[in-house]
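Please construct the entire structure, taking both the sequences and the accompanying hints into account.
Protein chains: 2
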Amino acid sequence: MPHQKTPDNPPARLSLISRHLAPDYPINTPYAVERLPDTVDTSLLPKTQIRAISSSPTMSPQPPHPTILIPGPIEFDDAVLQSMSHYSESHVAPGFVATFGETLSMLRKLLQTTDPASQPFVLSGSGTLGWDLIAANLIEPGEDVLVLGTGYFSDGFADCLAVYGAKVTELKAAVGSRPQLPEIEKALSEKRYKAITVTHVDTSTGVLSELANLSALVRRVSPDTLVFVDGVCSVACEELDFDGWKLDGVVTASQKAIGCPAGLSISMFSGRAIKALESRKTPPASYFASMKKWLPIMQNYENKKPSYFATPSPQLVHALHTALSQILSKPLSERFARHKETSDRIKKAVADLGLKQVAPNPDDQAHGMTAIYLPETVQIPQILPSLAKRGVVFAGGIHKEIVTKYIRFGHMGVSVLDLSRGDIDRAIKALEEGLSECGYQKA
Amino acid sequence: MPHQKTPDNPPARLSLISRHLAPDYPINTPYAVERLPDTVDTSLLPKTQIRAISSSPTMSPQPPHPTILIPGPIEFDDAVLQSMSHYSESHVAPGFVATFGETLSMLRKLLQTTDPASQPFVLSGSGTLGWDLIAANLIEPGEDVLVLGTGYFSDGFADCLAVYGAKVTELKAAVGSRPQLPEIEKALSEKRYKAITVTHVDTSTGVLSELANLSALVRRVSPDTLVFVDGVCSVACEELDFDGWKLDGVVTASQKAIGCPAGLSISMFSGRAIKALESRKTPPASYFASMKKWLPIMQNYENKKPSYFATPSPQLVHALHTALSQILSKPLSERFARHKETSDRIKKAVADLGLKQVAPNPDDQAHGMTAIYLPETVQIPQILPSLAKRGVVFAGGIHKEIVTKYIRFGHMGVSVLDLSRGDIDRAIKALEEGLSECGYQKA
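Residue numbers (UniProt numbering), protein chains in the order written: chain A, 1 to 443; chain B, 1 to 443.
It should be emphasised that the hints constitute simulated quantities derived from the structure, not laboratory data.
Values in this document were obtained by computation on a predicted structure and should not be read as measured data.
Check each hint, because a few of them may be wrong.
Any copy will do: because identical chains look the same in the list, a pair fits if it lies in one copy or spans two.
With a cut-off of at most 27 Å between alpha-carbon atoms, the simulated DSSO-like pairs for lysine-lysine come out as follows [said to hold, decoys possible]:
hint, residue 1, residue 2
1, Lys-293, Lys-172
2, Lys-292, Lys-167
3, Lys-293, Lys-400
4, Lys-172, Lys-405
5, Lys-442, Lys-356
6, Lys-405, Lys-304
7, Lys-405, Lys-293
8, Lys-167, Lys-293
9, Lys-281, Lys-167
Following this line, the structure appears as structure tokens:
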């Protein structure tokens with residue numbers, strides 16, 4: 001993009017940024033656009049308000065850029081980004097095989113599973129591919145699946161399951177809430193479900209689902225039903241005890257709390273899930289996403305044996321290895337606590353501003369993101385550029401029923417854990433100042 | 001991996017490298033392991049024989065490493081690797097949207113299509129995902145597909161088509177050859193095929209298929225039959241005229257001649273192919289690989305409009321943008337000519353060594369790789385470490401009928417185009433010396 005001259009008067013500057021905003025862009029698929037301000041023309045940003053550059057010569061120095069505080073992709077650590085530019089290696093050379101194998105083993109620790117029957121998968125793809133893994137491999141056409149409806153992403157999971165022939169029952173909660181245990185128990189007692197799916201954090205609403213009691217309920221009421229978790233916006237920032245909670249599958253992606261650039265589908269399946277795969281009456285309904293094809297490959301990599309089905313991305317796997325090494329260098333409990341503390345601080349600041357969250361019940365609120373209703377007088381095309389001017393990028397809404405009414409603030413990974421960055425404080429201050437610039441005053 | 005002490009005597013050094021080789025690793029899926037020597041312990045490599053490090057402070061300096069001359073991934077340019085560590089951006093921010101849009105437009109130029117009905121796709125995934133795109137979107141269950149059998153990769157394409165319900169007829173050629181036009185004409189006249197698939201270069205044999213005459217034949221004999229090309233090992237190193245040759249689909253990957261790290265499925269489809277998608281009687285048989293879901297997203301990105309179905313990888317797309325910008329900075333004809341010249345030089349050197357190629361007919365030989373039969377007295381576990389000692393990494397065999405009998409030498413991208421690297425000369429010299437070390441003398 002050509003460099004644009006910076007106008008001197010703020011209104012013109014605001015207008016210059018606004019030109020890049022969503023109102024100019026027709027939405028191609030309903031509710032499918034995440035609206036965000038321009039992140040290109042950093043000349044418009046006050047230099048003191050964008051994050052400091054690392055001065056370490058051994059790290060990949062990131063040029064000045066707006067701080068990405070959307071619910072993924074997040075800001076990345078220098079060492080992780082440096083791993084992305086790893087020199088070329090063969091995907092079956094022992095060095096890379098060892099790196100991939102260690103990465104898979106570290107995923108076991110991140111998801112807190114020591115059961116040798118648990119099986120991690122890392123594939124080139126996005127978080128969405130995890131839905132296909134479950135739908136094409138662990139459910140057979142005509143089998144019933146109960147989807148707990150929390151928003152845009154549980155709807156997507158339901159759509160994906162239906163594509164592969166599952167008979168989907170979606171138990172939908174009101175916007176900002178989640179299905180409650182008694183109604184889930186009722187649904188489970190009415191029909192025999194092959195599986196139940198739950199979106200741990202629905203990125204469209206910031207609603208956190210409760211897994212431990214849910215899984216206990218399923219085991220009590222319908223013990224053969226497999227419990228599958230969409231952990232795209234929860235893994236590495238929310239407590240998740242794969243073994244203790246008796247989960248059968250968790251699918252996630254690289255670019256959220258794990259803190260590795262996008263491009264990897266990451267998942268963990270239980271021995272029960274692998275049995276469901278192996279006892280299918282029909283072959284898996286996908287080739288690239290066939291867990292039968294990938295299972296021996298993943299097992300071999302973890303055993304440090306080269307193996308080939310389709311070429312993985314050595315660079316992304318190196319970056320994931322670096323990210324997981326960093327995560328596991330400290331107790332996970334500390335990581336989750338830090339995310340909770342920061343989340344509490346943000347949610348208090350939001351309340352102090354007189355704003356409401358999409359998820360009103362504190363027990364239902366995610367700790368890696370906050371979905372915030374805007375004051376009625378403030379519109380997304382005003383507030384996001386106002387934040388961008390202050391070096392902070394939030395996301396607009398994505399849930400179809402409230403899409404224009406709220407914004408989303410992601411707080412995961414280095415922005416939460418590395419206090420020296422000052423990301424969170426700057427974001428809270430930007431939100432206060434931005435709302436004020438948009439004419440909002442707390443009642 | 002722990003650093004290993006370098007033994008002083010060459011036999012022990014050879015043995016140290018050999019420990020990392022394939023014989024220690026059981027093959028998990030038949031013929032599915034590409035055998036390669038260790039690329040980790042560079043302390044074993046004479047420093048003068050590994051490629052020089054760039055001294056430019058603006059580039060990502062690559063540490064000393066063995067030169068990867070396998071048929072993908074290839075060696076990457078410094079600027080491409082630098083793009084991999086791009087700071088975090090939103091996947092729907094205008095800056096990234098512009099980069100992605102330009103990338104899609106550049107793919108049109110690379111594939112030589114100016115027909116506005118042609119549609120490029122760039123998805124997170126591997127080259128294999130391209131097979132799923134065709135099989136799940138452009139063929140409906142029960143439809144007949146003629147697969148031209150050239151080796152391991154055409155067999156894989158056939159398997160993938162069958163997973164989604166295509167009725168596959170595979171017209172297999174002898175190892176090292178390709179189906180001939182008269183037999184293809186006969187097959188096309190016997191049945192009405194929805195599509196024909198051809199592997200432009202089968203990476204398992206180094207066989208190059210002829211597309212222009214093939215496509216003309218299909219148009220003459222069976223004009224409604226769609227022509228789909230697996231271009232994973234051909235795009236950006238072999239002449240490919242999408243419009244002129246009236247192709248309906250070309251699927252490829254990032255990590256071969258395009259010269260961008262692995263992790264992207266890259267494809268181009270004709271207006272006829274898109275019509276086949278839009279007129280399906282059944283919905284696409286995949287969710288993540290649904291071209292109906294991705295079509296508006298790709299169109300919006302190219303029109304510089306943010307759009308969301310699943311999160312792309314900004315870092316990989318930046319690297320692809322850099323790679324394509326470099327490719328298109330010079331005439332494509334020059335690029336193809338350079339690959340042909342280098343290939344001719346390598347094939348002459350192979351013949352001068354008294355060795356035979358898997359593809360004996362010069363017209364059938366790829367220009368981005370050479371599959372070389374080993375002398376009967378030389379085994380893969382001897383020659384690959386001997387090459388590795390000399391800083392050069394070749395691949396072992398992968399075609400099931402000849403898997404232990406040949407090696408593969410990839411010559412694509414910067415190793416061919418940047419003479420200052422000396423990669424090709426060093427590889428030819430290493431092959432000569434390595435064979436000699438293994439006791440081979442030309443008869």
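Results for each hint:
{"no.": "1", "hint": "Lys-293 with Lys-172", "result": "between (34 Å within a copy, 24 Å between copies)"}
{"no.": "2", "hint": "Lys-292 with Lys-167", "result": "both (23 Å within a copy, 22 Å between copies)"}
{"no.": "3", "hint": "Lys-293 with Lys-400", "result": "between (37 Å within a copy, 18 Å between copies)"}
{"no.": "4", "hint": "Lys-172 with Lys-405", "result": "within (20 Å within a copy, 59 Å between copies)"}
{"no.": "5", "hint": "Lys-442 with Lys-356", "result": "within (12 Å within a copy, 81 Å between copies)"}
{"no.": "6", "hint": "Lys-405 with Lys-304", "result": "between (50 Å within a copy, 25 Å between copies)"}
{"no.": "7", "hint": "Lys-405 with Lys-293", "result": "between (44 Å within a copy, 26 Å between copies)"}
{"no.": "8", "hint": "Lys-167 with Lys-293", "result": "both (25 Å within a copy, 21 Å between copies)"}
{"no.": "9", "hint": "Lys-281 with Lys-167", "result": "both (17 Å within a copy, 20 Å between copies)"}
When the structure is compared with the earlier hints, no violation turns up for any of them.
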